[in-house]
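> Using the sequences provided together with the hints, build the complete structure.
Here the protein sequences come in this chain order: X and W.
Following the numbering used here, the numbering of the first sequence begins with 137 at its first residue and continues without gaps.
Following the numbering used here, the numbering of the second sequence begins with 69 at its first residue and continues without gaps.
No wet-lab data here; the hints were simulated from the structure.
One or more hints might be untrue.
To be verified - Pulled a few chain W residues facing chain X out of the computed Cβ check, cut under 10 angstroms: (1) LEU79; (2) LYS110; (3) GLY111; (4) GLN113; (5) PHE114; (6) ARG125; (7) ASP152; (8) ILE168; (9) PHE170.
Here a beta-carbon is modelled for each residue, glycine too, at the ideal position from N, C-alpha and C.
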Amino acid sequence: DAGITQSPRHKVTETGTPVTLRCHQTENHRYMYWYRQDPGHGLRLIHYSYGVKDTDKGEVSDGYSVSRSKTEDFLLTLESATSSQTSVYFCAIRGGSGMEKLFFGSGTQLSVL
Amino acid sequence: GESVGLHLPTLSVQEGDNSIINCAYSNSASDYFIWYKQESGKGPQFIIDIRSNMDKRQGQRVTVLLNKTVKHLSLQIAATQPGDSAVYFCAEKAGRDDKIIFGKGTRLHILP
Numbered sequence: 137d138a139g140i141t142q143s144p145r146h147k148v149t150e151t152g153t154p155v156t157l158r159c160h161q162t163e164n165h166r167y168m169y170w171y172r173q174d175p176g177h178g179l180r181l182i183h184y185s186y187g188v189k190d191t192d193k194g195e196v197s198d199g200y201s202v203s204r205s206k207t208e209d210f211l212l213t214l215e216s217a218t219s220s221q222t223s224v225y226f227c228a229i230r231g232g233s234g235m236e237k238l239f240f241g242s243g244t245q246l247s248v249l
Numbered sequence: 069g070e071s072v073g074l075h076l077p078t079l080s081v082q083e084g085d086n087s088i089i090n091c092a093y094s095n096s097a098s099d100y101f102i103w104y105k106q107e108s109g110k111g112p113q114f115i116i117d118i119r120s121n122m123d124k125r126q127g128q129r130v131t132v133l134l135n136k137t138v139k140h141l142s143l144q145i146a147a148t149q150p151g152d153s154a155v156y157f158c159a160e161k162a163g164r165d166d167k168i169i170f171g172k173g174t175r176l177h178i179l180p
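Structure representation (structure tokens):
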């Protein structure tokens with residue numbers, strides 16, 4: 137597997153609480169992505185980053201924020217978790233222009249009760 | 069994981085037969101396409117990719133066909149094996165746009 141670590145692997149939280157998921161890479165790749173995966177919806181892009189402090193919205197960004205203060209870490213924050221954010225969250229990385237292949241982490245199963 | 073596959077279209081194929089998984093894309097500006105395989109409980113893994121200046125690309129036991137006229141992509145798996153059982157996703161990227169957008173996926177079920 138590419139050097140991607142997601143933490144935590146599983147989390148159960150309550151509605152209204154803040155939650156932060158972490159993606160850590162050891163590949164020094166420029167691009168990092170957060171996706172969520174739900175039954176019937178496949179993988180949907182939440183946010184992505186194209187460099188330190190450079191981020192942009194994806195298809196389903198409402199209710200989520202991200203931060204990238206250094207190349208190796210990309211954080212996804214749910215400011216006030218809702219039950220609709222129960223999902224499996226995947227982080228992915230890619231090298232850069234001409235290197236479009238994504239390499240995925242193992243995912244974080246988040247349950248919001 | 070497996071719960072994701074329960075709501076997906078399923079293709080059932082006899083072991084040893086060829087499998088064809090289809091994908092329609094909507095963005096006419098997309099010029100790079102990728103197929104991923106996802107086994108239960110794991111993240112998606114890259115299988116094969118193709119750029120829009122090609123119609124066909126072959127890998128080991130897999131072939132991707134691209135028809136830009138009808139915005140259609142297919143993944144052919146030769147001599148399907150039990151280890152091919154998984155959910156398969158196509159993904160697309162358009163030019164300098166850094167977003168990589170996935171389709172909803174197809175579950176491949178191998179019959180003994």
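> Holds or violated: ARG125 of chain W as interface residue toward chain X, Cβ cutoff 10 angstroms?
violated, 14 angstroms
> Does LEU79 of chain W hold up as a contact with chain X if the rule is Cβ-Cβ below 10 angstroms?
violated, 15 angstroms
> Does ILE168 of chain W hold up as a contact with chain X if the rule is Cβ-Cβ below 10 angstroms?
Where the cut-off is 10 angstroms and the nearest Cβ of chain X is about 6 angstroms from ILE168 of chain W, the hint holds.
> Hint validation: PHE114 of chain W versus chain X, beta carbon distance must be below 10 angstroms. Holds or violated?
Hint holds; PHE114 of chain W Cβ to chain X Cβ min 5 angstroms, cut 10 angstroms.
> Should the interface hint for LYS110 of chain W be scored as holding, given a Cβ-Cβ cut-off of 10 angstroms against chain X?
Because about 7 angstroms separates LYS110 of chain W from the closest Cβ in chain X, which is inside the 10 angstroms limit, the hint holds.
> Against chain X, is GLY111 of chain W within 10 angstroms by beta-carbon distance?
Holds, about 3 angstroms.
> For the hint on ASP152 of chain W, just tell me whether its beta-carbon gets within less than 10 angstroms of chain X.
This hint is violated: ASP152 of chain W lies away from chain X, its Cβ roughly 19 angstroms from the closest one there, beyond 10 angstroms.
> Mind checking the CB of GLN113 of chain W against every CB in chain X and telling me if the closest is under 10 angstroms?
Check passed: Cβ of GLN113 of chain W comes within 7 angstroms of chain X, closer than 10 angstroms.
> Have a go at the PHE170 of chain W hint: is there a Cβ in chain X nearer than 10 angstroms to its own Cβ?
holds, 4 angstroms
When each numbered hint is compared with the structure, violations occur for hints 1, 6, 7.
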